[in-house]
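If you read the sequences in order, they're chains A and B.
The opening position of the first sequence corresponds to residue 148 in the numbering used here, with each subsequent residue numbered one higher.
The opening position of the second sequence corresponds to residue 148 in the numbering used here, with each subsequent residue numbered one higher.
There may be inaccurate statements among the hints.
The list treats identical chains as one, so a pair stands whether inside a single copy or across any two.
To be verified - Dumping the calculated DSS-like pairs for lysine-lysine here, alpha-carbon to alpha-carbon at most 30 Å:
#, residue 1, residue 2
1, K200, K317
2, K292, K180
3, K186, K290
4, K155, K189
5, K180, K317
6, K189, K317
7, K361, K290
8, K292, K226
9, K271, K221
10, K290, K221
11, K256, K225
12, K200, K290
13, K189, K271
14, K361, K186
15, K155, K200
16, K271, K200
17, K180, K290
18, K292, K200
19, K256, K271
20, K200, K256
21, K361, K292
22, K292, K186
23, K271, K361
24, K292, K235
25, K221, K361
26, K317, K186
27, K317, K361
28, K180, K361
No lab work stands behind these hints, which were simulated from the structure alone.
There are 2 protein chains.
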Amino acid sequence: MLNLKNEKIPRATIGRLSLYVQQLEILEQQGEKVISSEKLAKICGVNPSQIRKDLAYFGEFGVRGVGYYIYELKQAIKKSLGLDRIWKVVLVGVGNLGRALLRHNVLIKRGFIVVGAFDCDPFKIGEEIAGLEVMCSSNLPQKIKELDAEIGIITTPQERAQRAANYLIKGGIKGIVNFAPARITVPSHIVVEYVDFINHLFSTAFQISLNQAKGMYS
Amino acid sequence: MLNLKNEKIPRATIGRLSLYVQQLEILEQQGEKVISSEKLAKICGVNPSQIRKDLAYFGEFGVRGVGYYIYELKQAIKKSLGLDRIWKVVLVGVGNLGRALLRHNVLIKRGFIVVGAFDCDPFKIGEEIAGLEVMCSSNLPQKIKELDAEIGIITTPQERAQRAANYLIKGGIKGIVNFAPARITVPSHIVVEYVDFINHLFSTAFQISLNQAKGMYS
DNA sequence: CAGTGTGAATATCTTCACAGCA
DNA sequence: TGCTGTGAAGATATTCACACTG
């Protein structure tokens, strides 16, 4: 159950909370118990007030004069984001990227369990990857209900992304994370997030070009 | 060579330009020649003025009363971003994700050629993936120079990200795209971009939880 | 007294609205 | 006439600065 003040939360805040959770987990592993917004800010590369503001959307988790108890803060953030439970996910498109995600333990580590893998290529159907048998995409609508999945990950090529989305929608999916370089159209009650890592390469290349133009490497 | 007005470009603009390029390429494949900011906006899911403003940072590419010539616009954006050439990239960390990126043709399609793959695991060194022989990470500093790479992609586990970064820095890398869930410290003249797709899953889960709290599915 | 929580100030980003050009 | 390019307005996001508290 979400517990939040009835302000709306900036998109950017959500992205950072994810970062905080990850860094808090690392600190926890290192045996740290308490951290100040200033130190956490340094680790995350953001401004300390930013952190305090971000957290304030959800409640008061800190102790004045002390800081934040790491374990409690992590739990509080996860609860605030609705991450205090397992989310069932189906993945559509078992290419290189899809396989990597299926085998990547980061999903399960963060509470996302892939309960079904789908592809439309007959050569891939039946193959077993990371303990899952690849199923035919056209079974998606029915399987989503059977498997009780709420989130769909699309890792198809660009031209098949919309079709994958259509299957997911028909199955009653609640949210889609789209790794394909294509916009998709969905009913407004379905959440869509786009993951586009090429733009980070573009951005890096651009910034390097800027530095070069400034004569930084000459 | 970059050609831009000497304003500074919003970060968010760069991210969208990447999106425009991809959509323009799709339109081009579909045989379209001209497009208005309004139509492109609809395709990209943004506001038309946004597109015009984004483009205005780099010059005047449109024709009033007509729109934008797709091919010319795409070229102009790529040139503006410094993407009118091939960028040589090295990849460090040949796990599931690293392999997927090496085999993923999207990199080369966008002008990024991986010229070297590195790992510190003796079992992986020597293995051939996508035509590249995996080399020992400790050779990075020397190899980066030999191969003339400018961008490093880090796909190691979290705890080895900083070491990978150190090797890259020693080799004189100009930019780093870090897929590992860890912040890294680098000298200020080196560009760093973080790719964190877990945050999109977090964000999706959170928004679904919000919808549920609003009783949207009840 | 160290460090949170927060209103107020600033900076940044987005959208509007319309002048101006093909 | 239709659509771009752009200043001005509006909306968001970030940072500052300090009152407040354990």
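| Hints violated by the structure (listed by number, smallest first) | 1, 2, 3, 5, 9, 10, 12, 13, 14, 16, 17, 18, 22, 23, 28
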